[in-house]
Amino acid sequence: MNTNNQKYKQKVTRANTIAKMIISFGGYGVIASIILILLFLVYESMPLIFPADITKDQEISSNSNEKVLLTGIDRYQEVTYLLYENGGIKFFNLNENSLIYKDSLQLNDGEKIISVDKGKLGDELFSVGTNSGRIITAGAIMKPQYNRGGRVINASFKQDDQFGISDSSSNTIIKKITFSENEDGSRFWSWLANARLYIRIYDADEGETYNYDLTSFIGEEKVSNITLSYQAEKLMVGTEDGEIFWFDITDYEDVQLKDHWKVSAASITSLSFLIGDNSLIIGTEKGEVQNWFPVRSQENVFKFNKIHEFKSHSSKVVSILPSPRNRNFVTIDSKGGIKLNYSTTNATGLEIEPTDKKIQAASLSPKANGLILIDEDNNIGKYFVENDHPETNIQTLFGKVWYEGYEEPEFVWQSTGGSDEFESKLSLIPMIFGTLKGTFYAMLFSIPLAVLAAIYVSQFSTKKFAQVIKPTIEIMAALPSVVIGFLAGLYFSPLLEQHLMSVFLNMMLIPILFVVAVFVWRQIPETTRVRFPQGADLIFTLPFVIMAFVITAVISTPLELSMFDGSISQWMYEEMGVLYDQRNSFVVGFALGFAVIPIIFTISEDALSNVPKSLSSASFALGASKWQTVIRIILPAAAGGIFAAVMLGLGRAIGETMIVLMATGNTPIMDLSPFNGFRAMSASIAVEIPEAPVDGTLYRVLFLTALLLFVFTFAVNSIAAWIGDRLRKKYARF
Amino acid sequence: MVINIKGSVSSETKNEMANENIIIETKDLNFYYTPDKAALIDVNIQIPEKKVTAFIGPSGCGKSTLLRNFNRMNDLIPDIKVEGEILIEGQNIYDPSVRLEDLRKKVGMVFQKSNPFPMSIWENVAFGPKVNGESNISNLEEIVEASLVQADLWREVKDRLTDSALDLSGGQQQRLCIARALANKPDIILMDEPASALDPISTGKIEETIDELRGKYTVVIVTHNMQQAARVSDYTAFMMVGELVEFNDTNTLFTKPDKELTEEYITGRFG
Numbered sequence: 000m001n002t003n004n005q006k007y008k009q010k011v012t013r014a015n016t017i018a019k020m021i022i023s024f025g026g027y028g029v030i031a032s033i034i035l036i037l038l039f040l041v042y043e044s045m046p047l048i049f050p051a052d053i054t055k056d057q058e059i060s061s062n063s064n065e066k067v068l069l070t071g072i073d074r075y076q077e078v079t080y081l082l083y084e085n086g087g088i089k090f091f092n093l094n095e096n097s098l099i100y101k102d103s104l105q106l107n108d109g110e111k112i113i114s115v116d117k118g119k120l121g122d123e124l125f126s127v128g129t130n131s132g133r134i135i136t137a138g139a140i141m142k143p144q145y146n147r148g149g150r151v152i153n154a155s156f157k158q159d160d161q162f163g164i165s166d167s168s169s170n171t172i173i174k175k176i177t178f179s180e181n182e183d184g185s186r187f188w189s190w191l192a193n194a195r196l197y198i199r200i201y202d203a204d205e206g207e208t209y210n211y212d213l214t215s216f217i218g219e220e221k222v223s224n225i226t227l228s229y230q231a232e233k234l235m236v237g238t239e240d241g242e243i244f245w246f247d248i249t250d251y252e253d254v255q256l257k258d259h260w261k262v263s264a265a266s267i268t269s270l271s272f273l274i275g276d277n278s279l280i281i282g283t284e285k286g287e288v289q290n291w292f293p294v295r296s297q298e299n300v301f302k303f304n305k306i307h308e309f310k311s312h313s314s315k316v317v318s319i320l321p322s323p324r325n326r327n328f329v330t331i332d333s334k335g336g337i338k339l340n341y342s343t344t345n346a347t348g349l350e351i352e353p354t355d356k357k358i359q360a361a362s363l364s365p366k367a368n369g370l371i372l373i374d375e376d377n378n379i380g381k382y383f384v385e386n387d388h389p390e391t392n393i394q395t396l397f398g399k400v401w402y403e404g405y406e407e408p409e410f411v412w413q414s415t416g417g418s419d420e421f422e423s424k425l426s427l428i429p430m431i432f433g434t435l436k437g438t439f440y441a442m443l444f445s446i447p448l449a450v451l452a453a454i455y456v457s458q459f460s461t462k463k464f465a466q467v468i469k470p471t472i473e474i475m476a477a478l479p480s481v482v483i484g485f486l487a488g489l490y491f492s493p494l495l496e497q498h499l500m501s502v503f504l505n506m507m508l509i510p511i512l513f514v515v516a517v518f519v520w521r522q523i524p525e526t527t528r529v530r531f532p533q534g535a536d537l538i539f540t541l542p543f544v545i546m547a548f549v550i551t552a553v554i555s556t557p558l559e560l561s562m563f564d565g566s567i568s569q570w571m572y573e574e575m576g577v578l579y580d581q582r583n584s585f586v587v588g589f590a591l592g593f594a595v596i597p598i599i600f601t602i603s604e605d606a607l608s609n610v611p612k613s614l615s616s617a618s619f620a621l622g623a624s625k626w627q628t629v630i631r632i633i634l635p636a637a638a639g640g641i642f643a644a645v646m647l648g649l650g651r652a653i654g655e656t657m658i659v660l661m662a663t664g665n666t667p668i669m670d671l672s673p674f675n676g677f678r679a680m681s682a683s684i685a686v687e688i689p690e691a692p693v694d695g696t697l698y699r700v701l702f703l704t705a706l707l708l709f710v711f712t713f714a715v716n717s718i719a720a721w722i723g724d725r726l727r728k729k730y731a732r733f
Numbered sequence: 000m001v002i003n004i005k006g007s008v009s010s011e012t013k014n015e016m017a018n019e020n021i022i023i024e025t026k027d028l029n030f031y032y033t034p035d036k037a038a039l040i041d042v043n044i045q046i047p048e049k050k051v052t053a054f055i056g057p058s059g060c061g062k063s064t065l066l067r068n069f070n071r072m073n074d075l076i077p078d079i080k081v082e083g084e085i086l087i088e089g090q091n092i093y094d095p096s097v098r099l100e101d102l103r104k105k106v107g108m109v110f111q112k113s114n115p116f117p118m119s120i121w122e123n124v125a126f127g128p129k130v131n132g133e134s135n136i137s138n139l140e141e142i143v144e145a146s147l148v149q150a151d152l153w154r155e156v157k158d159r160l161t162d163s164a165l166d167l168s169g170g171q172q173q174r175l176c177i178a179r180a181l182a183n184k185p186d187i188i189l190m191d192e193p194a195s196a197l198d199p200i201s202t203g204k205i206e207e208t209i210d211e212l213r214g215k216y217t218v219v220i221v222t223h224n225m226q227q228a229a230r231v232s233d234y235t236a237f238m239m240v241g242e243l244v245e246f247n248d249t250n251t252l253f254t255k256p257d258k259e260l261t262e263e264y265i266t267g268r269f270g
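Listed in order, the protein sequences are those of chains A and B. Numbering-wise, numbering that gives the first Met the number 0 puts 460 at position 461 of the first sequence, and it's gapless, one number per residue. Numbering-wise, numbering that gives the first Met the number 0 puts 143 at position 144 of the second sequence, and it's gapless, one number per residue.
None of these hints come from the bench; they were simulated from the model. Treat the hints with caution; some may be incorrect.
[Stated by the list, open to error] Capping the alpha-carbon separation at 20 Å, the derived lysine to any residue pairs in SDA-like fashion look like this: (1) B:K105 with A:S63; (2) B:K204 with B:K215; (3) A:K101 with A:I152; (4) B:K112 with A:I152; (5) A:K625 with B:K215.
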C-alpha cells in the first residue's frame with residue numbers, strides 16, 4: 000500500500016516535470032521564433048544601407064612602356080585589353096597572367112593615337128583620333144565560349160571603318176573625340192581639331208552622312224571637353240571658362256545649339272552622361288564633380304538643373320566612368336585619387352586617396368562589379384567593386400529624392416520599369432502613408448460603430464437582443480478577408496461609384512432622421528415610455544431610417560441632374576479638383592472597417608461587461624441615471640479595455656493584406672483625399688514579390704517593408720497588451 | 000421539526016410604535032425572483048423614522064431582498080415580480096410616476112462589500128450630489144466635508160482628499176461609502192451587512208458611525224450578527240423563509256420574544 004502510494008507520487012512528479020518542460024518549450028519556442036523572424040528580417044534588409052567596398056584582386060605587369068590610352072574588361076573579369084598610343088592592342092588573361100592575343104590598328108608611319116572614346120556603355124566598340132587627322136573605329140571583342148573544359152573567353156579585334164577629316168592630314172591633330180552608336184546602328188562622332196569643333200553623323204537607315212562645323216556656335220570660348228549621349232540625341236561641350244553648350248542632334252539635317260550656361264569658374268576637364276542619357280556628370284580643373292539633368296521649367300521647356308555637387312577631388316578630374324548598370328560612376332583625378340559616387344543619392348560610397356601615381360586608363364566591368372586601372376608604370380590593377388544596393392540608403396528609402404525627369408525632390412515608389420536604363424525609385428514613405436491612410440479611414444468608420452454598438456449591447460439592450468447580436472458580429476470576424484476584399488473591390492466599389500449621390504445623401508439623412516426619431520421619442524411622457532418593453536426605442540427609430548432610404552431613392556437622381564450636371568463624381572473633379580477613383584479609400588474604409596469591427600466590438604463589449612457590477616450598483620444607488628452611470632462610471636472603468644480593443648483593431652488594420660490589395664488600386668500616391676486609392680505596405684509586398692529577384696535591391700526593400708510592418712504591428716499590439724495589463728491590475732481588487 | 004412561522008406583529012409592539020412616525024410601510028408585499036418561488040411572502044412592516052432598525056434571520060430568509068426593495072435595487076435583476084405596496088413617506092414607490100433617481104437619492108444604500116469608485120476620495124463623496132445636479136464647487140466642498148465628518152472619516156482623510164479611494168483600508172472604504180450615501184442628504188440609509196467583511200476594530204468603528212447617525216437618519220441595517228443587531232438597533236425584525244416572524248423593539252425581542260421561533264433563533268438553537 001505504502002509503496003504503491005510512493006510509486007504514484009513519483010509518477011505524478013514525473014508527469015509534472017514532463018508537462019512543465021513541454022509547456023516551457025512551447026512558450027520559449029514562440030518567443031524564440033518571433034525573435035528569429037525579427038533577426039531574419041533585419042539580416043535580409045541590412046545590406047541595403049551597407050557602404051560600398053573595393054578590394055584589390057590582383058596586379059599584373061603589361062611588360063611595355065608604351066603609353067596606354069584605353070582599357071576594357073570582359074563581363075567575367077577574366078580578360079582585359081590595353082590599347083597603346085602606337086595602335087597596338089593586347090589582350091591579357093588576368094587569371095593566368097598571360098598575353099593571349101595581340102593585334103594592331105593599321106596606322107601610317109609616325110601616326111599616333113591622340114584621343115579615344117568608347118561608343119556604348121559596357122561595349123567593346125571605340126573610335127580613335129590620330130595626329131594625322133584620321134578617325135578610326137574598331138572593336139575589341141571578348142566573347143565567352145563554352146566547351147567541355149568550361150568557359151573560355153575568346154579575344155579578337157576588328158578594325159571597322161575609318162575616315163580622314165582633311166587631305167593635308169599631316170598637321171591635323173584630333174585633340175578630343177567623342178563617339179556613339181545608337182540602337183539603330185547610326186554612328187556619331189564629334190571631335191576637336193585645330194581649335195574647331197566638328198560633328199559627323201552616319202545615318203544607318205538612309206545610308207547618308209552629315210558633317211557640320213559647330214565652331215561658330217561656341218564663339219570665343221575655348222572647348223576643353225566634349226561628350227555625346229549614348230543614344231546620341233545630345234552633344235555636350237565644356238569650355239575652359241566653365242561653360243556648358245548643349246547641342247540637339249535629333250534632327251540630322253539641322254543640328255541646333257539648344258542652351259548654354261555656366262557651371263563653374265574652372266575649366267571643364269571631364270564630361271560624361273550616365274545610363275539613361277539624362278544625368279550629365281561634370282568634372283572640373285578644381286576637382287569639382289557635379290550632376291545636372293534636364294528639368295521641365297515653368298515655361299514648359301527643359302533646362303539642365305544642378306542636382307548634386309559631390310565630394311570634390313583635390314586635383315583636376317581627368318576621367319568619369321559611368322556604370323553600365325545603374326547610376327553609379329567612378330571619378331578619377333590627375334593624382335590617382337578615385338571616388339565611387341551614386342548620382343541619385345549624392346553619396347560618395349568609396350574613396351581611394353591619391354597615390355601620386357597617375358592613372359593612364361581605367362574601365363568599369365560590364366556588370367559594374369569590377370574595376371581595371373592602368374597606372375603610369377603600365378601595371379594592370381584589377382579590383383572587385385562590392386556595391387550591391389547603391390540606389391538605397393536612409394535618404395532614398397525615407398526621404399525626398401530628386402529623380403531624373405521629376406520637377407522636384409519627391410517621395411516616389413516605382414520599383415520596376417520597362418528598360419535597362421530605368422532607375423528603381425524605392426521610397427517607402429508612400430507605402431507607410433498608404434498603410435496609415437487606410438488604417439485611418441478604417442478606424443474612422445469602425446471605432447464609432449464598434450464602440451457605440453458595444454456600449455449599447457452591454458448596457459442598454461435587452462438580453463435577448465444581445466444574445467443574437469454578439470455572435471452575429473463575432474461571425475463577421477470569421478469571414479475570410481479575401482472575400483471581403485473581393486466584394487469590396489469588385490462589387491461594392493462599382494456600385495458605390497454608380498450610386499455615389501445616394502450614398503452621400505444617405506450619409507447625411509440617416510443621422511439627421513435618427514436624431515429626429517430620438518427627439519420624437521423624448522416627447523412621449525416618461526411615465527408612458529417606461530411601459531414599453533426594453534428595446535422599443537430601437538424599433539421606434541427604424542421607420543425613420545427607412546424613411547431616409549425612401550427620401551434618398553426619390554430625390555437622388557433629380558438632385559444629381561439639377562445640381563451636379565448628372566454626375567457628382569464628374570462635378571467633384573471639375574469644381575473641386577477631386578479625382579474620384581473607383582477603388583478608393585472610402586471603399587477600403589468600409590471593407591477594412593468591416594474586418595476590424597468584430598475585434599473592437601468583442602473586446603470593448605467584454606471590457607464594458609466586465610466593469611464590476613458593484614460599481615454600477617453603487618452609482619445607481621446614489622440616484623445616477625443609466626446614462627450617467629455609463630458615462631461617469633462604466634466608460635472610464637472600461638476605457639483601458641476599449642483602448643486596447645482599438646489598438647488591436649489598429650494592429651489588424653495595419654497588417655491586413657487582402658482587402659487593401661483588392662480594394663485600393665495599389666497606387667503609391669500620397670494624397671489624403673478619401674476618393675483616391677493608396678498602396679499599403681502589406682499589399683506592396685504581395686504585389687511586388689514576383690518582380691523581385693532573390694537578393695536584389697527590391698527583394699531586400701520588401702524585406703525592409705516587412706520589418707517595418709512587423710515593428711508597427713508589434714508596437715501597437717504591445718501597447719494594447721500593456722494597457723490591458725495595467726487595467727486588469729487596477730480593477731483586480733473588486 | 001415543524002416550524003410554525005405564521006406569526007403577526009404583537010399587540011405590544013404596536014403600542015410601542017404608536018409613538019413613532021412611520022417612514023416605510025409595506026402592505027402585503029410579495030416578491031418573486033422566479034415566478035414559481037416567492038422570496039418575500041405577505042410582508043407587512045412599519046419602520047419608524049430616525050431610528051435604527053435591524054433585520055435579522057438565517058441566510059436566505061429574505062432580509063436583504065426586503066432591504067433592496069426599499070430603493071428598488073432589485074429592479075436591476077431581470078424578470079422579478081413585485082406584489083403589494085411599499086410606501087415611503089406615504090408614497091407608493093412602485094407607482095409609475097416615481098422617478099427611480101429621486102427615490103434612490105432619498106433612500107441611500109451601503110453595500111455589504113465596500114465599493115468605492117476608482118476615483119479620488121473627494122470625487123467619490125461628491126458623486127451623488129453631482130449626478131443629482133449640484134455643480135457649485137463651494138457647495139460641493141461643504142457637502143463633502145460634512146459627509147466625511149458624519150461618517151467619522153474626515154480626520155483620517157482631510158489631507159489626502161485627492162488620493163485614490165482605492166488606497167484606503169477596508170474599514171475606511173466602507174465608511175467612505177457611508178459618507179458617499181450621506182452626501183445625497185437622504186432620509187433613509189439602507190445598510191446591507193455593512194460590517195460583514197471587516198475585522199472587529201473596523202466593525203466597531205462602523206457601529207460607532209451608525210450610532211452617530213441615530214436620530215438624524217432612518218437607518219435600516221441587515222445583519223446576520225445578532226450581537227450587532229442588539230448593540231446598534233432600536234428595533235429589530237426577525238425574518239424566516241420570506242416571512243416576517245416578529246418585529247419589536249430590540250430590547251423586547253432579545254429578552255422576551257413573542258414567538259418560540261424567535262426564541263430558538265436568538266438562543267442559537269438553529270441559524
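**Message:** Check whether the Cα positions of B:K112 and A:I152 lie no farther apart than 20 Å.
**Reply:** Given pair B:K112, A:I152 is violated - Cα atoms ~93 Å apart, limit 20 Å.
**Prompt:** Regarding the pair B:K105 and A:S63, is the alpha-carbon distance no greater than 20 Å?
**Reply:** Status violated; Cα separation ~115 Å.
**Asked** Between A:K625 and B:K215, does the CA-CA distance stay at or below 20 Å?
**Response** 30 Å, violated
**Request:** Mind checking the alpha carbons of A:K101 and A:I152 for me, to see if they're no more than 20 Å apart?
**Result:** Distance ~14 Å between A:K101 and A:I152 Cα, so the pair holds.
**Prompt:** Given the hint that B:K204 pairs with B:K215, does the C-alpha gap stay at or below 20 Å?
**Reply:** Between B:K204 and B:K215 the Cα gap is close to 18 Å, so the pair holds against 20 Å.
Taken one by one, the earlier hints fail for this structure at numbers 1, 4, 5, listed in ascending order.
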